[in-house]
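Protein sequence lines, in the order shown, are assigned to chains A, B and C.
Position in the first sequence (from 1) plus 596 gives the number in our numbering.
Position in the second sequence (from 1) plus 25 gives the number in our numbering.
Position in the third sequence (from 1) plus 1018 gives the number in our numbering.
Honestly, I wouldn't trust all of these hints.
Stated by the list, open to error - Away from chain A, derived, C-beta distances all over 12 Å, residues of chain B:
id	residue
1	P168
2	V233
3	L296
4	L415
5	G421
Unchecked claim - Once the Cα atoms are required to be at most 35 Å apart in a straight line, the calculated DSBU-like pairs of lysine-lysine come out as:
id	chain 1	residue 1	chain 2	residue 2
6	C	K1144	B	K48
7	B	K148	A	K875
8	B	K56	A	K875
9	C	K1136	B	K227
10	B	K190	B	K142
11	B	K298	A	K728
12	C	K1136	B	K148
13	A	K875	B	K48
14	A	K728	B	K48
15	A	K740	B	K192
16	C	K1144	B	K192
17	B	K227	C	K1144
18	A	K671	B	K411
19	C	K1144	A	K875
20	B	K298	A	K671
21	B	K320	C	K1144
22	C	K1144	B	K298
23	A	K671	B	K227
24	B	K85	B	K212
25	A	K671	B	K160
26	B	K196	C	K1136
27	B	K298	B	K227
28	A	K728	B	K212
29	B	K331	A	K875
30	B	K147	A	K728
31	B	K142	A	K875
32	B	K315	A	K740
33	B	K227	A	K728
34	B	K358	C	K1136
35	B	K331	C	K1136
36	B	K192	B	K165
37	A	K728	B	K221
38	B	K331	A	K740
39	A	K875	B	K85
40	B	K196	C	K1144
By construction, these hints were calculated from the structure, which means they are not laboratory data.
Computed from a prediction, not measured in an experiment: that's the story for all the values here.
Ideal Cβ placement from N, Cα and C applies to all residues, glycine included.
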Amino acid sequence: MSRTNVILLAVLLTAACALPFIVSNYRTFQFTLVLVYAIALLGLNILTGYNGQISLGHGAFYALGAYCAAILMDKMGAPYWVTIPAAGAVCLVAGFLFGLPALRLEGLYLALATFALGVATPQLLKYHHLEKWTGGVQGIVIAKPEAPFGLPVNADQWLYFFTLAVTLGMFLLAWNLLRGRIGRALMAIRDHHLAAESMGVHNALYKSLAFGVSALYTGVAGALGAIAVQFVAPDSFNIFLSIMLLVGIVVGGLASISGALYGALFIQFVPNIADEISKAAPWAIFGIFMIGFVYLMPTGVAGAVRLLLARRRSHEI
Amino acid sequence: MKSSFVVGLMAVALTAPAMAQKKYDPGASDKEIRIGNTNPYSGPASAYGTIGKSITAYFKMLNEQGGINGRRVNFISYDDGYSPPRTVEMARKLVEQDEVLFVFQTLGTPSNTAIHKYMNMKKVPQMHVATGATKWNDPKNHPWTMGWQPNYQSEARAYAQHILKTKPDAKIGVLYQNDDYGKDYLKGFHDGLGAKKSMIVKEVSYEVADPTVDSQIVQLQQSGADVFFNITTPKFAAQAIRKAYDIGWKPVHYLNNVSNSVGSVLTPAGLDKAVGIISSAYLKDATDSKWANDKAIAEWRQFMNKYYPDGNQADVFNVYGYTVAMTIAQVLKQCGDNLTRENVMRQAANLKGYRAETLLPGITISTSGDDFAPIEQVQLERFNGKQWELFGEVMGGR
Amino acid sequence: MDALLFQVLAGLATGGIYASLALALVMIYQATHLVNFAQGEMAMFTTYLAWSLISAGMPYWAAFVITIALGFALGALIERIVIRPVENAPVLAVVVVFIALLVILNSIAGWIYTYTIKAFPSPFPKEPLFGIRYMSAHELGAIGITLVVLTTLYLFFRYTPLGLAMRAVAQNPQSSRLVGIRVGWMLALGWGLAAAVGAVAGMMVAPIVYLDPNMMGGILLYAFAAALLGGIDSPMGAVIGGFTVGVLENLLGAFVIGNELKLTVALVLIVGVLLVRPSGFFGSVHVSRV
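Construct all of the structure, not just a fragment, from the sequences and the given hints.
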């Protein structure tokens, strides 16, 4: 990391910490959701951006994580912070298992399989044999955690800091994972799987691992999201969630860690802007925003930022 | 006419003492009353979005006519795409940033469930929610939440009772949408049949994403059922009516109120195929020729033409939105100058036989401190190939 | 036994719906090697145009032909205006543009035509043919039309120079350009044809499921599955895949697992088949060069 980057990061972090004391509780809640989406997008980016496996069904893992948290808290009385690693672990296993058959599927076929997973998710959550745990169509309402140790922050602020801490941890982990051997192996598989294989990369293992880790991230996000929203129901996790996640990583920037944050800002705030512009057809406005971003920044916001920085640097020289 | 006069008198009587002192909570002032709302203007449930639009249009009309007790209504409506997390976000925006006096007609059972706890904790009224689930009438545990329309369970119970009375040896087949709405109806139906639940020979479900319900209808026919309870939303209701007719299945057909619009369900299905269907109603169906010369429906048409010209007049949701907006206007009129959240709730629980003229004759809105279910009455009706014929008594209520 | 037969017939009827949209998906794939997620919404939108024409008093078949032409124009226009600028962007960026198109068309249709369902006329007789009550005349007729479209497409791709050129462009744009094929026009043509096929699908589907802006939402997934099951580059496969999915789904729902999970199980089965036969029933096996 260069010195400017370190300074930039420190500034960003300070701003992130100061944020809940400057803006209203409602805004704090919104930024908590941005962080939640950022983790989910980072997860999807590991799979799709770095490893080249398209997933149109990551909402399923988000839902799994959310339900893990809700069931643990509501039915078993677990404290909220326990549910985060638990949701991550469950999703890691689920993602890894889903990744095994998915190894045989490429491109479109993988897209279909994951799309199917995304479409089937609400149906599975409603399934009457699981109703005892999932609450069926009614979903589960969960309580909001209060700040511990008598800290002088309210519940919204506390949840924001908690989420921020988890986000930092997850981003640090991803950064360590992706810049090293594992990251290179994932990208080698994406760019040329035969060449990667012949260089000794264990394709099958890495690909299913990518699925598992990606699901872990998304599951952790799901659990945090459930705690923030205080409610899970099948309708929260329909196919549009999966599609929005995909839109998020493309708009934010594929194969880029910072892209996850840009993407999260996009999927959190742009629909609200669209709604402000037109009640008659908010989706049309949202679609135009999507197209506009892709036109102006085909490699995502992260790609555009990179390009801009590179250009400035070359000017300085 | 007479009853509305009485209500008017009562409103004056009630507001008189409040005139003396003006009391305001956030969202109310001498000039304005701010009301919040969420509706699905985008996404797969956007068919309901027209409710929010017709309410917006109603307040526009009201403001042009001088508002309520001299105050303009500022109706702030946000899109939640029928996604509960978004509803939570929007409800918080309405309460914490826009500082509305209360939220009104937030739409959808899951969406309202998501904010149920929050609204009650914040003590901001969650008024006249747009869902027929039964849980909104719970003044003890959730004193800040109130429903409006007749709940699904009591409607289903009315059908069950009718079946027990007219066809005690029936073999019943049920088609229901696999979500909270379908299951609520199903529960009410089971409760209504009570010990005779075994009369149901087959229950089949469908998903909103299914292209057709043809396979389900064939399954029901094959089960030998001679009574059909049809718990479906408009598109699937039309498909079910047509398919049952086409394959020659002629059960006694009960159709839920959600989908009994002549214009947007029975006409597409084919009026001749819908003869004999039994349903229930509490609103006047503007597409039913029976109300062609009705004064209230004529006024509604004028309103649509002037304030919501884009709106579809064959869509029963537009009558719904208009009627529920009239109800809240009445509540606010009763509040007078005491526009606190507590008083809004108290007046909403103090409607005594209020009558919006777009309701069916004989149906009134009544609430009290331990009754948070404004409309509890429905009347059964049978389709004769041209229009709905009401029969029997107005059911439910006190 | 009757029950089984009736479910198979009902399945064939819905299978016909999937097949007709699957054909449009195959068509666009043949031309661009992409799956267009907005295909269903484009079909829905053109069907609304047809509805407007018929409501204005135009005879059915005239509206039918004009709608196909309008569909073609819409497809070609979308390619030239919306898709062309992202030609060289990553594949996923193009997918996002498809999703954007999907939500835009859905939203605009809802805005113009509202969300209440509309009955769409059928050109076929009202009474069931040959006394088969379990398939309406329209459903049979729609299957017939789908087969006509299939044959036309097959002949087009197989025997006309234009069809060959389009396939060549999809397979290898650079080489095609070198042998003098105008790649840009071929892509626009491919989009136009796919949209025209979609327009036919929409007009055949609408009388069965009723016309509303979300008409194609549920169908798209099944059509996608059908196209892949049959082999994404084979029109014939798409149609057989469509019928297979329709019948399979009905039989599973009625006799095996109940309706609650039939979608899930049908999809698992389809993915299972693809695991064993990755190129589908009729798809050509691709050997990639290292």
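These are the hints, each one checked on the structure:
1. P168: holds (17 Å)
2. V233: violated (9 Å)
3. L296: At roughly 32 Å from the nearest Cβ of chain A, B/L296 sits farther out than 12 Å, so the non-interface label holds.
4. L415: holds (32 Å)
5. G421: holds (24 Å)
6. C/K1144 / B/K48: violated (66 Å)
7. B/K148 / A/K875: holds (28 Å)
8. B/K56 / A/K875: holds (25 Å)
9. C/K1136 / B/K227: Holds, at about 30 Å.
10. B/K190 / B/K142: violated (41 Å)
11. B/K298 / A/K728: Violated, at roughly 41 Å.
12. C/K1136 / B/K148: Since the Cα atoms of C/K1136 and B/K148 sit roughly 43 Å apart, the hinted pair is violated (cutoff 35 Å).
13. A/K875 / B/K48: holds (33 Å)
14. A/K728 / B/K48: Given that 35 Å is the threshold and the Cα spacing comes to 47 Å, the pair is violated.
15. A/K740 / B/K192: violated (51 Å)
16. C/K1144 / B/K192: holds (33 Å)
17. B/K227 / C/K1144: Roughly 30 Å separates the two Cα atoms, so the pair holds.
18. A/K671 / B/K411: Measuring from Cα to Cα gives roughly 53 Å; hence the hint is violated.
19. C/K1144 / A/K875: violated (40 Å)
20. B/K298 / A/K671: violated (49 Å)
21. B/K320 / C/K1144: Not OK: B/K320 and C/K1144 at ~38 Å, beyond 35 Å, violated.
22. C/K1144 / B/K298: holds (13 Å)
23. A/K671 / B/K227: holds (33 Å)
24. B/K85 / B/K212: violated (39 Å)
25. A/K671 / B/K160: Judged against 35 Å, a Cα distance of about 21 Å means the pair holds.
26. B/K196 / C/K1136: Holds, because 33 Å separates the two Cα atoms, which is no more than 35 Å.
27. B/K298 / B/K227: holds (23 Å)
28. A/K728 / B/K212: Between A/K728 and B/K212 the Cα gap is close to 17 Å, so the pair holds against 35 Å.
29. B/K331 / A/K875: holds (19 Å)
30. B/K147 / A/K728: holds (30 Å)
31. B/K142 / A/K875: Roughly 28 Å separates the two Cα atoms, so the pair holds.
32. B/K315 / A/K740: Between B/K315 and A/K740 the Cα gap is close to 52 Å, so the pair fails against 35 Å, i.e. violated.
33. B/K227 / A/K728: Holds. B/K227 to A/K728 sits at ~23 Å (cutoff 35 Å).
34. B/K358 / C/K1136: violated (39 Å)
35. B/K331 / C/K1136: Holds, because 24 Å separates the two Cα atoms, which is no more than 35 Å.
36. B/K192 / B/K165: Roughly 39 Å separates the two Cα atoms, so the pair is violated.
37. A/K728 / B/K221: holds (26 Å)
38. B/K331 / A/K740: Roughly 46 Å between the alpha carbons, so the hint for B/K331 and A/K740 is violated.
39. A/K875 / B/K85: holds (15 Å)
40. B/K196 / C/K1144: holds (30 Å)
In summary, the structure is inconsistent with hints 2, 6, 10, 11, 12, 14, 15, 18, 19, 20, 21, 24, 32, 34, 36 and 38 from the numbered list given earlier, while agreeing with the others.
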